[in-house]
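Number of protein chains: 2
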Amino acid sequence: MTAELSAHQLIAQHRPTLDQALEAIRTRAYWSPHPEHPKAYGENGSLGMAEGKDAFDALLGTRLDLGQPGTDDWVGEEKSPYGIDLGVAYPHADLDVLLPAMRAGQRAWRDAGAEIRAVVCLEILKRISDRTHEFAHAVMHTSGQAFMMAFQAGGPHAQDRGMEAVAYAYVEQVRTPDNAEWTKPQGKRDPLALTKQFTPVPRGIALVIGCNTFPTWNGYPGLFASLATGNAVLVKPHPRAVLPLALTVQVAREVLAEAGFDPNLVALAAERPGEGIAKTLAVRPEIRIIDYTGSTAFGDWLEANARQAQVYTEKAGVNTVIVESTDDYKGMLSNLAFSLSLYSGQMCTTPQNLLIPRDGIRTDEGPKSYDEVVADLAKSVGGLLGDDARANALLGAIVNPDVKARLEAATGLGEVALPSREISNPEFPNAVVRTPLIVKLDGAKPDDESAYMSECFGPVSFAVAVDSAADAVELLRRTIRDKGAMTVGAYTSDEEVEQAVQEACLEECAQLSLNLTGGVYVNQTAAFSDFHGSGGNAAANAALCDGAFVANRFRVVEVRREA
Amino acid sequence: MTAELSAHQLIAQHRPTLDQALEAIRTRAYWSPHPEHPKAYGENGSLGMAEGKDAFDALLGTRLDLGQPGTDDWVGEEKSPYGIDLGVAYPHADLDVLLPAMRAGQRAWRDAGAEIRAVVCLEILKRISDRTHEFAHAVMHTSGQAFMMAFQAGGPHAQDRGMEAVAYAYVEQVRTPDNAEWTKPQGKRDPLALTKQFTPVPRGIALVIGCNTFPTWNGYPGLFASLATGNAVLVKPHPRAVLPLALTVQVAREVLAEAGFDPNLVALAAERPGEGIAKTLAVRPEIRIIDYTGSTAFGDWLEANARQAQVYTEKAGVNTVIVESTDDYKGMLSNLAFSLSLYSGQMCTTPQNLLIPRDGIRTDEGPKSYDEVVADLAKSVGGLLGDDARANALLGAIVNPDVKARLEAATGLGEVALPSREISNPEFPNAVVRTPLIVKLDGAKPDDESAYMSECFGPVSFAVAVDSAADAVELLRRTIRDKGAMTVGAYTSDEEVEQAVQEACLEECAQLSLNLTGGVYVNQTAAFSDFHGSGGNAAANAALCDGAFVANRFRVVEVRREA
Chain R
1 MTAELSAHQL IAQHRPTLDQ ALEAIRTRAY WSPHPEHPKA YGENGSLGMA EGKDAFDALL
61 GTRLDLGQPG TDDWVGEEKS PYGIDLGVAY PHADLDVLLP AMRAGQRAWR DAGAEIRAVV
121 CLEILKRISD RTHEFAHAVM HTSGQAFMMA FQAGGPHAQD RGMEAVAYAY VEQVRTPDNA
181 EWTKPQGKRD PLALTKQFTP VPRGIALVIG CNTFPTWNGY PGLFASLATG NAVLVKPHPR
241 AVLPLALTVQ VAREVLAEAG FDPNLVALAA ERPGEGIAKT LAVRPEIRII DYTGSTAFGD
301 WLEANARQAQ VYTEKAGVNT VIVESTDDYK GMLSNLAFSL SLYSGQMCTT PQNLLIPRDG
361 IRTDEGPKSY DEVVADLAKS VGGLLGDDAR ANALLGAIVN PDVKARLEAA TGLGEVALPS
421 REISNPEFPN AVVRTPLIVK LDGAKPDDES AYMSECFGPV SFAVAVDSAA DAVELLRRTI
481 RDKGAMTVGA YTSDEEVEQA VQEACLEECA QLSLNLTGGV YVNQTAAFSD FHGSGGNAAA
541 NAALCDGAFV ANRFRVVEVR REA
Chain A
1 MTAELSAHQL IAQHRPTLDQ ALEAIRTRAY WSPHPEHPKA YGENGSLGMA EGKDAFDALL
61 GTRLDLGQPG TDDWVGEEKS PYGIDLGVAY PHADLDVLLP AMRAGQRAWR DAGAEIRAVV
121 CLEILKRISD RTHEFAHAVM HTSGQAFMMA FQAGGPHAQD RGMEAVAYAY VEQVRTPDNA
181 EWTKPQGKRD PLALTKQFTP VPRGIALVIG CNTFPTWNGY PGLFASLATG NAVLVKPHPR
241 AVLPLALTVQ VAREVLAEAG FDPNLVALAA ERPGEGIAKT LAVRPEIRII DYTGSTAFGD
301 WLEANARQAQ VYTEKAGVNT VIVESTDDYK GMLSNLAFSL SLYSGQMCTT PQNLLIPRDG
361 IRTDEGPKSY DEVVADLAKS VGGLLGDDAR ANALLGAIVN PDVKARLEAA TGLGEVALPS
421 REISNPEFPN AVVRTPLIVK LDGAKPDDES AYMSECFGPV SFAVAVDSAA DAVELLRRTI
481 RDKGAMTVGA YTSDEEVEQA VQEACLEECA QLSLNLTGGV YVNQTAAFSD FHGSGGNAAA
541 NAALCDGAFV ANRFRVVEVR REA
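Chains as they are written, first to last, in UniProt numbering: chain R, 1 to 563; chain A, 1 to 563.
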């Protein structure tokens, strides 16, 4: 095969970026090669705003032929949370044809070595980046995120997470040299001397099981970590969020082919409604790695049953924010209001339980009672979302009917401090848009506990009255231990309380944001610097991204001979 | 607590060694800080030969009081494979007292940080090293290894593997900085700025389940990897091989206390006969990491049932050597003879199946028929072990009655090419000493397949006649895939065959030694350079030592706040 993209060319183009990524994961200072602003696109080969929209529109109602072997049917019934039918048909695979085909190219991909694999992955990410505007619409119309969030979280932030995975994968593979000379002295006799070769080898085919809400952001780390470590990758998207990952697979296949590799190293496994293909795939012997984002029930099932595979899961947790005291009451309220509102709380990182002492809190505006804090927070959310245009831009749409049903049921769980409001979207009249609901609960009441100790995914938060700061920390510990947590937040100006919260997070293994009052929110993490999840509590068995996320996706085979 | 060993002192003493270890795992060149020669000991505080023997003798018939909390009884019925009763009594623990006590010191150990933990571990290893002569007798009289092997494999080589684990653990923890300043530009507005702290946190209590044959060598990697990453470590030795690990625990507790840490961070869990404490411990919620060496059945059970823990297993495999052709027939025979004889084949790395084309092989001494190769190998083993003193020094003793029974049963599996010979040990008349048995089998016969496709642990090898080199490679692949392999060897002077064997090992993920004819043997691996196992086939789910062996023993908790 003649490669249109030479190794030399790819290394020349992407090695400097890889080196910057490697430096970023060492220092964990701010870095991103992917611009966040929509206007930064449209030149140097990237699609501009209008072009991206046109490209997306052109996809609607078409058949996305990826040229995959073993395609026995065409499937796809995506309906946008904004109310439009995407009408895109995707290949449905005969696994007994597709899986063997995916293995055919693995030897060449393995032999290419870690650096070539890394730069090929970076070329894939570059081309995805160039199509960020197109992907933004695809993410928006599958996840229900508002455009700006779909653009940023589904575009540059997802690409950052993918590149971070490539950087970790690369550095992990080159920790062991390709070759070593080993000479062991033997006193007066000749030394023993061996020549050793070390080759990173893939585990096999990796399966990425995508989610509905963040198809690219949650899909890219596993996809790129597995591909960069030499594995073939089969992408099984959520049936409601196929398009962003199908486009990703399309780009990956293009780049692989142009670089002289077998495009079947990356493939899509779209499914018929109700087919439940993830369960079938997860226990196929060819599948040796699984990355999954979704429900705790299926994540637990994968961990227990996909025994032939390394399984990386991000499941559900219950996220807590302790509100104990603050030097910036206004900043706290507006920061929290934004966190609760962003994407209608449909993030695995959105705070659910706000623990507030029932005797109130100290603030720079004087003492505030529990009721005042809850009312002020409700007012703050109300203010933030008072303008419908702004509300639509922040909330996006409710991703599916289950979330809507859960929101409606939650009004019955306790006293409603802030009712959820229906908002109309003039551009997409069928979109279901809702503001966050805040319900008051009592931490000491067993009835209330069954509510706040379960994940209520969607725009629902509980203002839980607790006896004291110590009680809050104890409940925080118990929540992390029993339910897991992707994020923890705390507001306190008391050093002892701060220490206690920190110690709880260190012992229960959860990521803590302290006293955020500005433009960074507890539910956001930045690639190359923040870890997403800890991998040490029930919410997720892996963190994005660390050494453990990549180190077991490949093994090193040593061949030694006498020198 | 006042520390007798200051952090400053420990760093000054051990940091240079740590740095050398870090360099060694990067280059994988030869390195060891632990002398292999018995005469290298006896000065600078280390026990010499006679002192070591005296120290060991002084332990016999005593109670080894480790000062552990919750000791409710004294247990121990070790009988040396050399025929003497050790008579050492060990603490039996009330787990409901011991386990909570082990957690008490974890916070201080966590807060000490990666470097202090590493140098404390190196101090433990230094003191073990100083007592190498004493440990040698303890290993000899529990494993049945001959003295010289017990000295080297149980002493410096085990210490090397422990230090290698410390080095990997250290470097993994310091990949992420303790602190980071993150500043994200916001165009014309003020940048977003966060201060981030990153803390490696332990998973909890780690359980090391020791084995009978290599209590220190196989026990140290897990023990030191877990301790160095901040975990407490509970050591559950094999009931027949308690002493070497009990001494290890004793040293670790001493050093921890002197360095100002809680000695209960390391404890021993000795058991009553038939108590089966490993199974109980393995599913305790406090146990979050398990390192195990032993049978496939129990290893598989652990992987399936100890779901609350990270489980690292080394189980059984079937090791193959392909004998296809050679440029050094004599060297090959003597190298193989040594490999089969060392410690009576009671190594997880000893070759079991020698695949030899039924039409014979090409050698530098002309063509040799299958029968000639087998007869010459039998002669070579016979010659190596012809002298009883030398045979005793090489074979050691049969570790337990199961191995003896298996050896006796194996004579009925096929035509015996080399019968196993009983050797008397003048110093230990009750020792059971046997030379290796070689049985001829036919690779094409289904009846024979049931023999060569099972692990027959002990001094038993099968000379399996195969149709061709290609047939040998195919059988090698099938054996690794179905049974796993800790080692693979091959002798070939044909480049195509060499390529085919290499490719089989790369694809099936097994460590390959090619054409060894000198003083390095397929069953030996050197820490800092060779990987022991691959972690990618059924024989073991982990390799000693790589990033994956340490990366998931801790997690990193991030605390971020506005700058």
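Keep in mind that the hints were calculated from the coordinates and are not lab data. Heads up, a few of these hints could be off.
Which copy is meant is left open, because identical chains are indistinguishable; a pair holds if it fits in one copy or across any two.
[To be verified] Result set (BS3-like, lysine-lysine): computed pairs, CA atoms no more than 27 Å apart in a straight line: (1) 279 with 440; (2) 79 with 188; (3) 330 with 188; (4) 184 with 379; (5) 184 with 330; (6) 379 with 404; (7) 79 with 379; (8) 53 with 445.
Owing to the predicted nature of the structure, the values given are computational and were not obtained by experimental measurement.
The hints, checked one at a time:
| no. | hint | verdict |
| --- | --- | --- |
| 1 | 279 with 440 | neither (39 Å within a copy, 45 Å between copies) |
| 2 | 79 with 188 | neither (78 Å within a copy, 39 Å between copies) |
| 3 | 330 with 188 | between (79 Å within a copy, 23 Å between copies) |
| 4 | 184 with 379 | neither (74 Å within a copy, 30 Å between copies) |
| 5 | 184 with 330 | between (68 Å within a copy, 23 Å between copies) |
| 6 | 379 with 404 | within (23 Å within a copy, 80 Å between copies) |
| 7 | 79 with 379 | neither (34 Å within a copy, 76 Å between copies) |
| 8 | 53 with 445 | neither (51 Å within a copy, 67 Å between copies) |
Consistency with the previously given hints fails for numbers 1, 2, 4, 7, 8, ordered from lowest to highest.
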